[in-house]
Each structure stands twice: as C-alpha cells, then as structure tokens.
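Novice: This is what each chain is made of:
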Amino acid sequence: MTLTRRLWAYIALTVAGAALGVWLVTLWLPGWLVDRRPRDGAAATGNPAGTAPGDARRISAMLFYVAPRGDGLIAVEQDVLYAASPADQARRIVERQLAAAPPGHATAIPAGVTLRALFLTSRGEAYVDVSREIVTGHPGGSLHEVLTVYAIVNAVTVNLPDVTAVQILVDGHEVDTLVGHLDLRHPLRRGTRWVQRTP
Amino acid sequence: MRSRSTVIVVILSSLLLASASAQAPLPYRVIGSDGTRTLPVVRGSGTTDFVALDTLARFFSVAMREDARTGAVVLAVGAQRVALTEGQATVSAGGRLVSLSAPVTKDGAAWIVPIDFLRVLDFLLDRRIDIRRGSRLIVMGTAVVPRVVLQFERTASGGRLVITVEPGASSRITRDGNLVTVRFQADALDLTPLAQVPAEWLANVRADGPALYVELGSTVSNVRQADAQDAGRITLDLLGASPVAPVRPDPVAPAPAIDRPGTLRTVVIDPGHGGADAGSRSASGLEEKQVTLAVAQRLKGMLESRFGVRVILTRDADADVAIDRRAALANNNKADVFISLHANGSPIPAMRGWQVQSLDPAEYGSSGGAPLGGADSDESVPVVGGGLRVIGTVPWRLAQIPHADRSSQLGGMLAARLGEAGLPPQAAPFYRAPLRVLVGANMPAILVEMGFLTNPADAELLGSSAFQSAVAEVIVSIISELRGGWPAPGGGDR
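Protein sequence lines correspond, in order, to chains A and B.
Mapping the first sequence onto my numbering, position 61 (from 1) lands on 85, and the numbers just tick up by one.
Mapping the second sequence onto my numbering, position 243 (from 1) lands on 870, and the numbers just tick up by one.
Hint data in this document are derived by calculation from the structure and do not stem from the laboratory.
Ideal Cβ positions, reconstructed from N, Cα and C, are used throughout, including at glycine.
Mixed in with the good hints there might be a few duds.
Stated by the list, open to error - Looking from chain A toward chain B, a few residues come up when the C-beta cut is under 8 Å (computed): (1) R82; (2) G94; (3) A135; (4) V170; (5) T201; (6) H205; (7) D207; (8) Q220.
Stated by the list, open to error - The calculated label-pair distances, taken between Cβ atoms and stated as ranges, are: (9) R799/B to D103/A: 39 to 49 Å; (10) E713/B to T145/A: 40 to 50 Å; (11) R799/B to G161/A: 43 to 53 Å; (12) R93/A to R799/B: 21 to 31 Å; (13) A736/B to V159/A: 48 to 58 Å; (14) D103/A to G671/B: 48 to 58 Å; (15) V159/A to E713/B: 39 to 49 Å; (16) R93/A to R952/B: 28 to 38 Å; (17) R209/A to A946/B: 21 to 31 Å; (18) P730/B to T145/A: 12 to 22 Å.
What the hints assert, rightly or not - Anything over 12 Å on all C-beta distances counts as not near chain A; from chain B, calculated: (19) R746; (20) D749; (21) R933; (22) R937; (23) H969; (24) Q982; (25) A1097.
Based on the provided sequences and hints, a complete structural model is requested.
Specialist: Below, the structure written as structure tokens:
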C-alpha cells in the first residue's frame, strides 16, 4: 500500500467515525434515554408541565357524566394524575373529563374533543380552550348543550375551590354558544342544579 | 337651653341606633342533616357578608390558634392547616392559595372573614357546603333543601298555584279546612315567596321545615291537584265558590275587529336554527330547523287569522339568521312577546318530552360576578328647554334582565298549558338558564323545546302535522289569554 492510499484510508476512517459519533449523539442516544424512562402515567401523557418525570401520584376528582335518565349530570369519583400547580391540575382534570366515560356511564362531551390550553386568572376564573370538535361533533339540543358545558364548568369549579367560574373557548376563540343555546360569552359559575344525587 | 340640647342628642342617638338596627344583616340558617342552626353575621356589604372566625371554628369543630410570631391565625383541619393574615384576601389552605371576596379583618380580638371562606372549609373538610346568600341559607353535607318557586295565575275556573321544586322531591299533600300542607321529602325548603298574593285566593303561603303551608282564601271552595304527581312540579287548581267569569277567551272565537289599547299586539316567533345550522337531528334525518319553521308558520297563520295579532317570524325560510338579529328583530318591532321554538337532543335516546325555558338572570347579576358589566345604570340626558333628565338605561345585550320575572311567569303558564294538553313533559318541565337568544330581548321571552328528536317516539310526533298543530294551539291559547292582560299584576316590565 502506497503512502497516498494509506492516507486516503485514514481520512475515510476518520470521516466515518465522525459521522457515527454525530449519529450516536443526535439520534440514537436521545431515543435510548427515552426508552429507559419509567412507563408510568406521567410519561404516557407526554409529561406535561407541573409533574416531575416518574411522578405517578393521583388525586381523586369529581367528574360529571350524563345521569341515567338523561335529564342531568351525576358526579363520579375518578383518579386523576396529580399536578403541582392549580393550572396544571385543572388541565389534568379537564383532560380526564374530555376523555371517554368510565364503563357504565355516558359522557356529554362529543367524541374527539381535546384540550388545547387552559389558564387561570387572579380573579378565580378559568379559561378552557377546547378543540372545534365540541361544536362540529355536537348533536345539538339545548339540554345536551347544557350538560356538555356544565360537565366542564363543574369539573373545574368543584375540584378547584379557588376557581369560581369557567369560560369555554373553542379553537382559541370566544364563542357565543356551542350549538345555539347557552350563552358562553362570559365565565359561567358552578351549576350544581344540573347535578343529581346518585342513588 | 341645656335641656333642649339633651333632647336633640337623645333624638339623634335614637335615630342612629334605629338606623344601625335597621341595617343589621340577617343571620344565615345553617341546615345540616343533624338539624338547623343559626350563624350570626357580623356585618354585610353589597357583595358579601362577614362572619366571626371563632363562630365558624365552633360550628365545624375546628381548632383555632393565633400565631404570635407571624400575627396570623391558624385553623387545624384534620392534617391540613389554613393560615389567615389580617388585611389579606387570600388564605393558605393545604399548601394552596385560595382567594376570598374580601380581606380578612380584625375587630378587637375577633377575626372576621367573608362568608365565602366556607368554600375553603368545604374543600378541606370534603363536605358539601352550599351558600345561598339570597335566601340566607347554608346547606351542609347531605341535607336536602330544594328551591321552591311559587306562581299564581287566574284561570277560567278560579286560580292555579304552581309549585316548582328544584331539584325535584317527592311530596305528600293533605288538607285540613282551609290549610293545605305539602310535605316534601327534604330537610327544609328554600322558598321564594309570591310577590303579590291575591288574598281572596291565597291568604298566606309559608314554609316551615320540609312542609309548605298554603292557607286558602275565602273565595276557594275546593282544591284539586291538576297534574300527575311529579317530583319537580305540583299544580293546585283552586276552585271558586261560585262560577267566575272565564279569563281565557275561546281560541276559536272570531277575532275582534280592533285591538283594545294596552293589549298584546305584536308577537315575534323565532324558529330556532336554520340554513347551515340544522340543529338536532332524528335518526330518520328530520332536522330541528325544519320542525321549528313548520310550527312557527302554523302559529303565525293561527294568530293572524284568529286575533289579528301582528306576527313576525325571525326567518320564514331555510336561512341563516344571526343570533343577535333574532332578538333585534323583536326589539325593533316593539314586540310584546318573543317565543323561540326548538327541538331537543340528548345522548340518552330514552329522554323525551317538552320543556320550557326562560333566562336565568343570576348568571348576569352583580352578585354573580357581573361578567358582562352592570345590568343597568342611570344616565343624564339634556331635555328641550334646558336642564337634564335622569333616565335608567339597560345595556342592549342585557335587555332581558328587567323582564326575567315576567318571562318566568310566561314560561310557567305555557308549561302548565302544555301539561294540560297531555304532551309528555320532562322531569323538569320549566327551568331557567343563561340562554343566548333570549338575553337581548327587551320583552317577556321564552324558549320552547317541543320534544327530543333523538327519541324515536318524539321524533315521529315532531314530524307529524297533528302534533305541530297541537303545540301551536297551546301557544295560541296563551297568547289569547295575554291579550286580555297579564294574569297577575306586578313586574313592571313595560
């Protein structure tokens, strides 16, 4: 092997080694680290702010589903992941409320609705921004709209006593109503009159 | 001279004392499953009431101690601590900051907190504490205290007392002479009394514990329950000793040639939804916007042909109409009544029946946080010839607020009449809610849900011309009655 050929071989090896190093650091290593994280609830939900990785503590929250007769809501106790701040806890609760109902219960929330954002004000108001499916997927009717709205309003105000009213936003915008009935232009207070006692 | 000064001082002192006693806030009745107690109020303001912290601590058996080092007072609630600091409108409860409606204060050695501090205890004790400031009630734990609203209306056979109970509670009705007792399965009643009771029909109505006592007036010879037993509503027909002149004219009677002054002249009917907004839909594809338009058109024809009443539809075709335009049309035409027609939907297919709704003003009131601003205010306007005149103004977007009571009365009347027509009602046939289409209407306004398109039986009814005519006939009978004036005086709507 001539000196020139040996030099080219060294250069090729160095370049290949550098490329391997870059691949290891930028692509393989992060994936390996993620795979090694504990498979708990926090990780499964993307570890949102307010919960340390691996923190699977839960709180018991009252969530609201359609009463068997259909003329109101009933409160059902559900486990929800713990969050350190009220805003993060409210997000956890609303996400759970928007998800499918537990077995034996019916939800008033149309399928596919997701929480886009949630923020609290110093006046004790919560702004819950949900995806447009809450309008496009809603089957209509004033009673159904009442149940949809107050399932969310009650889930926040009942579980977070320092939140006294909730305004629902859709795709980041204030809306008049969901489907033509309930006035959503301002925060609504807890609606316990829609909640029936469970037998 | 000296004696005159003494007299003046005594008079002034008496006036001050009388003034102070007149303004003393009423205490709260605290109702729990173990009985009723009284919670004294130290002072009240326009937005909240204040109570002594040590009284609350005794009520809830909570240990209370002052921390001399920090100047705070600490309540021990189980394993959790609540720290309150003078002048602060927030308290630290179980590691969280909770805001109060007013700062914590001290009166001598006593700590004074706003009544909503109970919410903190509600949270920490995990025990329901429902504060009803309007009726001076605090409902605790599992105690059942339904709200009871009374409505009285004149009928052809005498009078009718409608008792609406929310949430519904089963009851037993007995009569002893001129005293009718309605005893509910509850711990107490949260009674909204009748504003003006015609003494010849109702001498007195009062609540004591779980019982409602109705003392009949001298005109009443008999009482009959007008509807089937319903946990949410009781209708008592009060029958007169002698036949009374019918209040309601025959709906099929020929229309009078000229409207009498002061009677109902213009009705706006709002067929809900329309255009791209189909509303709810039945399994067979019947859409809410079709049903509402069909009933509205029937109603318009009946009212115009029978009474010569001017009827305006917010839409007379399958068209989009903005929600504000519907109330604006009624306002601009100085309508006397606004009726919005709808058909309901539910995730529970078995759910069926009609329902009447009116605006819930509490969602817009100052005690509820006034989310849209004050309901009304005075404004000075210049007048011809100089000077100013003070007029009361109501924001356009809250125009319904002054009419809320009359709308509620109208809703009650219609609900009663629909019940008489034999149509199946929901468990709560009449309720109030923050309804967007009604809030801007500057006249008595209601929303009628005629049935559930998500229920197969109701959907079939809603699509039939016989049912549509039956609903329209009931509304016509109400309009007919209103043409002779509102049944009970008061309200000051117009």
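Novice: Under 8 Å is the threshold here; is the Cβ of V170/A close enough to any Cβ of chain B for the hint to stand?
Specialist: Holds. Min distance 6 Å.
Novice: Is R937/B truly not at the interface, in the sense that its beta carbon sits beyond 12 Å from all beta carbons of chain A?
Specialist: The claim holds: R937/B sits with its nearest Cβ about 26 Å from chain A, beyond 12 Å.
Novice: Holds or violated: 39 to 49 Å for the Cβ distance of R799/B and D103/A?
Specialist: 42 Å, holds
Novice: Measuring from the C-beta of T201/A to each C-beta in chain B, is the shortest one below 8 Å?
Specialist: Given a least distance of 5 Å, the restraint on T201/A holds.
Novice: Over 12 Å to the closest beta carbon of chain A is the bar; see if H969/B clears it.
Specialist: 6 Å, violated
Novice: D749/B: least C-beta distance to chain A exceeds 12 Å?
Specialist: 6 Å, violated
Novice: R799/B and G161/A, beta-carbon distance inside 43 to 53 Å?
Specialist: 45 Å, holds
Novice: Quick check on a hinted range of 48 to 58 Å for A736/B and V159/A, using CB atoms only.
Specialist: 56 Å, holds
Novice: Take a look at whether the Cβ-Cβ distance between P730/B and T145/A falls inside 12 to 22 Å.
Specialist: 19 Å, holds
Novice: Would you assess whether R746/B, listed as outside the interface, keeps its beta-carbon beyond 12 Å of every beta-carbon in chain A?
Specialist: It is violated; R746/B is separated from chain A by about 5 Å at its closest Cβ, not greater than 12 Å.
Novice: Using the Cβ atoms, figure out if D103/A sits within 48 to 58 Å of G671/B.
Specialist: Between D103/A and G671/B, where Cβ atoms are some 41 Å apart, the hint is violated.
Novice: So the hint says 21 to 31 Å: do the beta-carbon atoms of R93/A and R799/B match that?
Specialist: 23 Å, holds
When held up to the earlier numbered hints, the structure conflicts with 1, 3, 10, 14, 19, 20, 23 and 24 and fits the remainder.
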